[in-house]
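Undergrad: Please arrange chain S on chain A, whose structure you already have, making use of the hints.
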Amino acid sequence: EVQLLESGGGLVRPGGSLRLSCTASGFSFSGYAMSWVRQTPGKGLDWVASISASGDTTFYADSVKGRFTISRDNSERAVYLQVNSLRIEDTAIYYCAKVAWASGNFLDSWGQGSLVTVSS
Amino acid sequence: DIQMTQSPSTLSASVGDRVTITCRANQSISTWLAWYQQKPGKAPKLLLYQASSLESGAPSRFSGSGSGTEFILTISSLQPDDFATYSCQQYYSFPLTFGGGTKVDIK
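Quick mapping for you: the protein sequence lines, in order, are chains A and S. Residue numbers 1 to 120, in my numbering, belong to the letters of the first sequence in order. Residue numbers 121 to 227, in my numbering, belong to the letters of the second sequence in order.
Please note that a few of the clues may not be correct.
Some chain A residues judged to face chain S by a derived CB distance under 10 Å, without partners named [said to hold, decoys possible]:
| hint | residue |
| --- | --- |
| 1 | 35 |
| 2 | 43 |
| 3 | 46 |
| 4 | 59 |
| 5 | 60 |
| 6 | 91 |
| 7 | 93 |
| 8 | 100 |
| 9 | 104 |
| 10 | 110 |
Below, computed lysine-lysine pairings styled on PhoX-like, alpha-carbon distance capped at 25 Å [what the hints assert, rightly or not]:
| hint | chain 1 | residue 1 | chain 2 | residue 2 |
| --- | --- | --- | --- | --- |
| 11 | S | 159 | A | 43 |
| 12 | S | 227 | S | 165 |
| 13 | S | 162 | A | 43 |
| 14 | S | 227 | A | 43 |
| 15 | S | 223 | A | 43 |
| 16 | S | 162 | S | 223 |
| 17 | S | 159 | S | 227 |
| 18 | S | 162 | S | 227 |
| 19 | S | 159 | S | 223 |
| 20 | A | 43 | A | 65 |
| 21 | S | 223 | S | 165 |
| 22 | A | 43 | S | 165 |
Hints listed in this document are in silico derivations from the structure and should not be mistaken for laboratory results. Where a beta carbon is used, it is the ideal one built from N, C-alpha and C, also for glycine.
Same shape as in the complex, but just chain A (with noise of 0.2 Å):
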């Protein structure tokens, strides 16, 4: 069974930052690649990054492009996603999920999400 664990989530000032943690299990983890969604409650979804397999290629919303950072470490099983310079509307759930096959960027499996909240 697939299982997707985030942590990391919390309180944070506007300016601050947070890295996120997602660690999986069930599959096989370096062959999939990884992404987060975010949601805020009452809201629809709203994709933020996603990374290969192999951690080489990343893609960023616009809107968080140059402030969030996603990586993976697969001997770990782990992917991360580092938010910088926090804004009030990045107050989210944020959802890890796992990209269901290389020619189709759907997302088969999802964690329970972590969520973050930016205030003053």
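TA: Relative to the frame of chain A, chain S by itself:
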């Protein structure tokens, strides 16, 4: 960026009803479309991919159709477990984008 628009935003229905939800893209995405179900306080769950392929374990009352710019999610006979929010997602190109969601609630 490809914009995804869902309609309706809210849908009231009864158990046993046939329900359809529409998702439109502002440019052709072929069949690079997925549908997700999300319940309050829970993560999204994949229902369909490639517009019409049912994810393993998803009930057969869910079906998808469409290609190009217009897509439909159909629930053939609404069950109590189906009251949830449904979202479409295009994966034709980055940035990946989602529709705004359709909440299916009890009539």
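Undergrad: Now look at each hint and say whether the structure bears it out.
TA: Hint-by-hint comparison with the structure:
1. 35: holds, 7 Å
2. 43: holds, 8 Å
3. 46: At 7 Å from the nearest chain S Cβ, residue 46 of chain A passes the 10 Å test, so the hint holds.
4. 59: holds, 5 Å
5. 60: Since chain S brings a Cβ to about 8 Å from residue 60 of chain A, closer than 10 Å, the hint holds.
6. 91: Status violated, d = 17 Å.
7. 93: holds, 9 Å
8. 100: With a closest approach of 7 Å, the residue 100 of chain A hint holds.
9. 104: With a closest approach of 6 Å, the residue 104 of chain A hint holds.
10. 110: With a closest approach of 4 Å, the residue 110 of chain A hint holds.
11. S/159 with A/43: Holds - the C-alpha atoms of residue 43 of chain A and residue 159 of chain S are around 13 Å apart, at most 25 Å.
12. S/227 with S/165: holds, 24 Å
13. S/162 with A/43: holds, 13 Å
14. S/227 with A/43: holds, 22 Å
15. S/223 with A/43: It holds: about 11 Å lies between the C-alpha atoms, which stays within 25 Å.
16. S/162 with S/223: Roughly 14 Å separates the two Cα atoms, so the pair holds.
17. S/159 with S/227: Satisfied, since the Cα-Cα distance of roughly 17 Å is no more than 25 Å.
18. S/162 with S/227: Holds: residue 162 of chain S and residue 227 of chain S sit about 22 Å apart, inside 25 Å.
19. S/159 with S/223: Since the Cα atoms of residue 159 of chain S and residue 223 of chain S sit roughly 10 Å apart, the hinted pair holds (cutoff 25 Å).
20. A/43 with A/65: holds, 21 Å
21. S/223 with S/165: Satisfied, since the Cα-Cα distance of roughly 15 Å is no more than 25 Å.
22. A/43 with S/165: holds, 16 Å
In this structure, the one hint that does not hold is number 6.
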